[in-house]
Amino acid sequence: MGIVKASRLVHEYIRRDEEGNVESIQTALDGLDFDVKAGDFIAVLGHNGSGKSTLAKHINALLLPSGGTLWVDGKDTSDSGNVSAVRRQAGMVFQNPDNQIIGSVVEEDVGFGPENLGIPSEEIWIRVEESLKSVGMLRYRSHSPNRLSGGQKQRVAIAGILSMEPKCIVLDEPTAMLDPSGRQEVLEAVHALNRQKGITVLWITHYMEEVVHADVVYVMDQGRIVMQGKPREIFSRVEELREHRLDVPQITLLAHELNQAGLAVGEGTLTREELKDALVRLYGSRA
Amino acid sequence: MSIILDKVDYVYSADSAYEIRALNKISLTIEDGAFIGIIGHTGSGKSTLIQHLNGLLKATSGGIYFNGRDIYEPDYDLSRLRMQVGLVFQYPEHQLFATTVFDDVCFGPMNQGLDKNEAGLRAFEALKNVGMAEEVYYQSPFHLSGGQKRRVAIAGVLAMKPEVLILDEPTAGLDPKGRDEILDLIADMHQKLGITVILVSHSMEDVAKYVQRIIVMNDGSVLYDGTPKEVFSHYRELEAVSLAAPQVTYLMHELRAAGIVADDGATTVEEAKESILKAFGRKGSV
Numbered sequence: 000m001g002i003v004k005a006s007r008l009v010h011e012y013i014r015r016d017e018e019g020n021v022e023s024i025q026t027a028l029d030g031l032d033f034d035v036k037a038g039d040f041i042a043v044l045g046h047n048g049s050g051k052s053t054l055a056k057h058i059n060a061l062l063l064p065s066g067g068t069l070w071v072d073g074k075d076t077s078d079s080g081n082v083s084a085v086r087r088q089a090g091m092v093f094q095n096p097d098n099q100i101i102g103s104v105v106e107e108d109v110g111f112g113p114e115n116l117g118i119p120s121e122e123i124w125i126r127v128e129e130s131l132k133s134v135g136m137l138r139y140r141s142h143s144p145n146r147l148s149g150g151q152k153q154r155v156a157i158a159g160i161l162s163m164e165p166k167c168i169v170l171d172e173p174t175a176m177l178d179p180s181g182r183q184e185v186l187e188a189v190h191a192l193n194r195q196k197g198i199t200v201l202w203i204t205h206y207m208e209e210v211v212h213a214d215v216v217y218v219m220d221q222g223r224i225v226m227q228g229k230p231r232e233i234f235s236r237v238e239e240l241r242e243h244r245l246d247v248p249q250i251t252l253l254a255h256e257l258n259q260a261g262l263a264v265g266e267g268t269l270t271r272e273e274l275k276d277a278l279v280r281l282y283g284s285r286a
Numbered sequence: 000m001s002i003i004l005d006k007v008d009y010v011y012s013a014d015s016a017y018e019i020r021a022l023n024k025i026s027l028t029i030e031d032g033a034f035i036g037i038i039g040h041t042g043s044g045k046s047t048l049i050q051h052l053n054g055l056l057k058a059t060s061g062g063i064y065f066n067g068r069d070i071y072e073p074d075y076d077l078s079r080l081r082m083q084v085g086l087v088f089q090y091p092e093h094q095l096f097a098t099t100v101f102d103d104v105c106f107g108p109m110n111q112g113l114d115k116n117e118a119g120l121r122a123f124e125a126l127k128n129v130g131m132a133e134e135v136y137y138q139s140p141f142h143l144s145g146g147q148k149r150r151v152a153i154a155g156v157l158a159m160k161p162e163v164l165i166l167d168e169p170t171a172g173l174d175p176k177g178r179d180e181i182l183d184l185i186a187d188m189h190q191k192l193g194i195t196v197i198l199v200s201h202s203m204e205d206v207a208k209y210v211q212r213i214i215v216m217n218d219g220s221v222l223y224d225g226t227p228k229e230v231f232s233h234y235r236e237l238e239a240v241s242l243a244a245p246q247v248t249y250l251m252h253e254l255r256a257a258g259i260v261a262d263d264g265a266t267t268v269e270e271a272k273e274s275i276l277k278a279f280g281r282k283g284s285v
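Going line by line, the protein sequences match chains A and B.
Mapped onto numbering that gives the first Met the number 0, the consecutive letters of the first sequence carry residue numbers 0 to 286.
Mapped onto numbering that gives the first Met the number 0, the consecutive letters of the second sequence carry residue numbers 0 to 285.
Only true hints are included.
Coverage of chain A stretches by chain B, computed from C-beta distances (three or more under 8 Å per stretch; other residues unrestricted): (1) 168-176; (2) 201-212; (3) 242-251; (4) 255-261; (5) 264-276.
Below are the DSS-like pairs computed for lysine-lysine, each with C-alpha atoms no more than 30 Å apart in a straight line: (6) A:74 / A:36; (7) B:277 / B:208; (8) B:24 / B:228; (9) B:160 / B:115; (10) B:208 / A:229; (11) A:229 / B:176; (12) B:176 / A:56; (13) A:132 / A:56; (14) A:36 / A:229.
Simulated from the structure, these hints should not be mistaken for laboratory data.
Small disclaimer: the values here were computed from a predicted structure and weren't measured.
Cβ coordinates follow ideal geometry from the N, Cα and C atoms, glycine included.
Please put together the full structure from these sequences, using the hints given.
Following this line, the structure appears as structure tokens:
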């Protein structure tokens, strides 16, 4: 069993009227099966309303299954005795950094989590320093969070999660409110955590460019995983992605259009370097 | 008919220890019917700038002229200006409040002093313009999808019949299809209704694809002001201020360095494709 495993996971949002009678049922997760290998960087794509955020909240036991089972680090989330253990193993980062930062000084904010867990204070300071260092924010430790840029705030939020030493981090559209360099900063920081500390990452996003270096991509639609594979495999299926209201990175799209116009640069091209090299090769072998 | 900014300065918390100069001698002319993109990193002054255009913030010094009149004259009707210059904030769907979609969109025109019938007509037209299906008009706006809620919020501003529509990151948080739909809708309104559109965005790709003119803000000043092609030719300087050019622009520069294409000014996938096919001696299919 991997670090996060779902078996026929179902979630229903049930709306009730004042008397408690069921008004409507909306199935947000519809029998999900997946198994995330520890240490993987998983990217989750899907249109608004496809079930991504519902899934994220399950991994943190903020929501509990209406049917099926979800295990985090081998623990069944629906067992109420496991909730705090699950939350410690799977940290969560949300879209808006301003809603997640509570401390008036960066290091205080980062120390809040371990303090809550009852960790001794010498140990907390070690963790705070370590966490801020690994997201490149150590020199801001005594700053006020509200003077930081969006990308920096989001990295502080990630450090706050890291200080609880989770095995897995779920990030729900962490870059939606950031400018291009903020997006790049956060993505690079999380990739580094994944590589250096072996922390499993579930990265939910609407930006196709952010998915290029993931190990595995899940595409969700109507509460199910409808496509799954390496970025190259997923992004070579341009038309299918569009049916799920998604897209491909700009470079992949250009390569796709060039292919269709008869320039054989290869489908599923992910990076600028690849496309450039393919074009240089073709140009050299031109008759 | 235009908006003219003449050496606009804006200072937050003036004369205190926390004084921040958010706008620094901004002079701009926004012509009638233009489609403009404003880009800049977080904190560069974009939001402060757009809040001046409808009088929500008052310049510390300098002047703003809307259709030839100084908006800071004592008898200038600022509440009318706020209807002529419609501002759609980030995540505008958080501001929906009425029990039905239709009532929500009626709120603006009713506030303008129109009677119920007239306001209803405006709401009907605005909802049609943003492509909402009639069956949802009398449903609660809170049961709609994210993209639909955003359309309703935009309709609420459109119903006041603004001459200028300013949108602060209208696509944040939307899926790619939703992104394209909202931007296509905005481009369509610009064309069909002839209104001036100002789009604040963090997506260089979107700006390159849709607007005619880009204003780059940095440290409260205008760093560049020109067509997408002109602005993105400064891609190195843009990186220095936490921005970037569209991915294809970088590719085109690399291809030019490798001696393949003659023209490295492409900023959209279509332009890049044309240019590459031409270099390979093939005719484009578009």
